[in-house]
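Residue numbers for the sequence shown follow our numbering, so the first one is 18 and each next one is one higher.
Take these hints with a grain of salt, some might be off.
To be verified - Pairs of lysine-lysine residues, derived as DSS-like cross-links and limited to a Cα-Cα distance of at most 30 Å, are as follows:
(1) K110 <-> K254
(2) K192 <-> K110
(3) K110 <-> K190
(4) K136 <-> K160
(5) K160 <-> K110
(6) K136 <-> K110
(7) K136 <-> K255
(8) K192 <-> K160
(9) K190 <-> K160
To be verified - Distance windows between CB atoms, simulated:
(10) N104 <-> E138: 51 to 61 Å
(11) K190 <-> V86: 30 to 40 Å
(12) A48 <-> H265: 24 to 34 Å
(13) Y88 <-> E138: 51 to 61 Å
(14) S185 <-> H82: 22 to 32 Å
Think of the hints as simulated: they come from the structure by calculation, not from any bench.
From the three backbone atoms N, C-alpha and C, an ideal C-beta is built for every residue, glycine too.
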Amino acid sequence: MSSKYVCTAYSERSGKAFTLIELLVVISIIALLVGILLPALGAARDTARSATCLSNQRQILTAHHAYIVDYQGSFVIARTSGAYLNNLIGIRKPLYWSAWLTYHSDLPNDLFRCPADEKLEEVFDSYRDEAERVFGGNHLQYKNAYRSNATGYGANHYHILTSLRYESSNNLKNKPAQIHQILSPSDTLLFVDTARNGGAFTENALHTSPGNYLAVDYLTFAQSFAWAGIPFPRHAKKSMNIAYTDGHAEAFSPLDLMNPYDPDALGETTTTGSTTGLLDPTIDDHGVWDR
18 MSSKYVCTAY SERSGKAFTL IELLVVISII ALLVGILLPA LGAARDTARS ATCLSNQRQI
78 LTAHHAYIVD YQGSFVIART SGAYLNNLIG IRKPLYWSAW LTYHSDLPND LFRCPADEKL
138 EEVFDSYRDE AERVFGGNHL QYKNAYRSNA TGYGANHYHI LTSLRYESSN NLKNKPAQIH
198 QILSPSDTLL FVDTARNGGA FTENALHTSP GNYLAVDYLT FAQSFAWAGI PFPRHAKKSM
258 NIAYTDGHAE AFSPLDLMNP YDPDALGETT TTGSTTGLLD PTIDDHGVWD R
């Protein structure tokens, strides 16, 4: 091969190669496109998760309304005592509202998990492992129900699942509400995206202990119940999904989007109604919470 031919061939190839400046321009354009697309992809993911969460809530509502029919108009109970299962099968474990509903309606555990609550995975794993250890291969219906104790949704504890704010008799305090007692079903919260408060009403505290069984109104929270579940805007940090007693569920964006962890963010009335003692649903106004 002649040196003339080699030089000519090399010259032709080098004339088609990218220069360093051209490569940098291409890389810059790609980086710019990625920067533009990533927020859009993140928003699409948040939208999909919120839609799945709403679908979960609506399926739970359907099962719950079948429960109401079966139980003569009664809402689901807040929880069983450990003695309930102990008397039946010799295992002293409570079943919270989500587990009790799972037991009666044979719901899949995943329905009680909001896909936007990524930290709840550890809680689900913990309950799954505990159910395996405690129940083993026995009592499969209770075992499956017990797993649903792990949930990212908190139910309206003081006003719907119990009568603690309405009854003075110890025999009646733990009874759930009856459907006919709800004055405005389309405006009364049944369960909601929830996180534990960790003892403080801040974003970090709400993230420290995700998942909860029972939710309380902000007036009750003001009494410093560290166990309480607080409505939590986990969808893109600006909205929460709420299921109502009439059977519908919808997204709700707190009024104060600059600080969605403000106790008044849910838009309820906190200036009327007592913070202690019994309530009269026709007088006291606790916004979306009371009967």
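Numbers of the earlier hints that this structure fails to satisfy, in rising order: Hint check: 1, 10, 11, 12 and 13 fail, others pass.
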